[in-house]
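S.K.: Taken in sequence, the protein lines are chains V and P.
Under our numbering, think of the first position of the first sequence as 1, with each following residue one higher.
Under our numbering, think of the first position of the second sequence as 1, with each following residue one higher.
If you're looking for bench data, these hints aren't it; they were derived computationally from the structure.
Where hints are given, some of them may not hold.
[Claimed, not checked] Straight line, CA to CA, 20 angstroms or less: simulated EDC-like cross-link-like pairs of lysine to aspartate or glutamate: (1) P/LYS200 - V/GLU121; (2) V/LYS129 - P/ASP220; (3) P/LYS173 - P/GLU54; (4) V/LYS134 - P/GLU54; (5) V/LYS54 - P/GLU54.
Residues per chain, in single letters:
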Amino acid sequence: MARERHDYDDIPGTFVFDAERSRQGYGINMFCMSLMKDDNRKAFKANEAEYLKKFGLTREQTDAILKRDYNRMLELGGNIYFTAKLGATDGHSFQHLAALMTGSTQQDYAAMMLGGGRSIEGNRSRSGKNAPSKHLGAAGRGKSAAGNRKAKSKRSPQSKTRSAKRK
Amino acid sequence: MPAIGAALDNGKTEEPYWKRIFSGFEKSQEWMRDTKPDVAIIVYNDHASTFSVEMIPTFALGCAAEFPPADEGWGPRPVPVVQGHPALASHIAQSVILDEFDLTICNKMEVDHGMTVPMNLLFGKVEKHGHWPCPVIPLAVNVVMYPPPTGHRCFMLGRAIRKAVESYPDDLKVVIFGTGGLSHQISGPRAGLINSKWDKNFLDNLSGNPQKLVRIPHIDYMREAGAEGIEMVMWLIMRGALDEKVDEVYRFYTVPASNTAVGHIILTNRGRGGGRKSAAKAAAKSKRPAGKLKRAAARARVERIRG
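Taking the hints into account, I'd like the entire structure generated from these sequences.
M.R.: Given below as structure tokens:
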């Protein structure tokens, strides 16, 4: 059955864990939950394919797990907080997984984060909806930003005055 | 958050990378020590610890007498068991359910880093065999599976909680924490997204114009602040529990903390004509906001920090 279409499918590089994926990925996520117990981690590591049989996974889901294809796991209903437990079982840091999912080296990924993270510019939309949200537009542009600056400059002297008075 | 928890637990808080983050919380810890709350209501999200995909409650209120730290796969965090406040919690549950918020009640519940790391950031380090400074009422919100509750619903629940606290027979000083991310995405090819402009704007409005935030649709959070940035709706529960006009006591924001932005804001209700029941305060933190809702007065203490 094809997935229902949603407005958030337009966000690039993102698999939203919605109610449909939550149902579809139940087995993936319950498998990942099982890895919170040390005995289960050992059993999984001893024979991965055999261990996975307990969770009612589809063949695609099993393949994605065996290949540690984290993006595919998300696409097939895995959730990152759950799949991170598989990464931990493999002895990887979260940044290692993030680098894998973004097709980057861990070093480059870490450098990007230190530099302030991945920019929103160019990363809003698959279909060219690149204007910032009208609800909270980018500061420094448009009416709302001006309003905010005003509100802010009003606020801080005010609270200073007030505390000065009370002293 | 897990990375911040690990830095705390492994004694890395003095390393330059982490010191930049932890030093941003020193003032707030001082504020919290001075405020001495009787109870903290902590709005947070469980990260596949107590709730897996078997049951996904939208709002789950912890009414138990205590909440043990969850084993998230690496053993429980070395922090004390969190003491609850069952009497106030069940009072809140009854009050808000009759106000048409259909809470799930948890009489047994473990709490993960989503709650205990913000507690450390605001209460400071507490040894495993020590005691947290006050009882806590956890309110777990589903922000893992889409759709989480809307921002408006969160804000209105905050109001209902405040009403419940105010109708409680004892005069308690209550702080409310909103927690969860500012902008961040940790899943998929777009992982690593940070939108500082969005965050700053959100914090400005949280403080001065919260009505502007309550109608932000989920798609805007996810597009602008990252798939996991939708956690920000939890801050609106905290904000809803406060007065429309609040004082911003303190704000801190930095990028990055491992994979996310981190920040927090402390908001307090303005005194009502100097009366003792001056009402709410909020402390908000990013990757956890804290808010504070209170009945007895702590205004003098708050002023000291301001000065």
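S.K.: Decide, hint by hint, whether the structure agrees.
M.R.: Against the structure, the hints come out as follows:
{"no.": "1", "hint": "P/LYS200 - V/GLU121", "in the structure": "holds, 16 angstroms"}
{"no.": "2", "hint": "V/LYS129 - P/ASP220", "in the structure": "holds, 11 angstroms"}
{"no.": "3", "hint": "P/LYS173 - P/GLU54", "in the structure": "violated, 36 angstroms"}
{"no.": "4", "hint": "V/LYS134 - P/GLU54", "in the structure": "violated, 37 angstroms"}
{"no.": "5", "hint": "V/LYS54 - P/GLU54", "in the structure": "holds, 16 angstroms"}
In summary, the numbered hints that this structure violates are 3 and 4.
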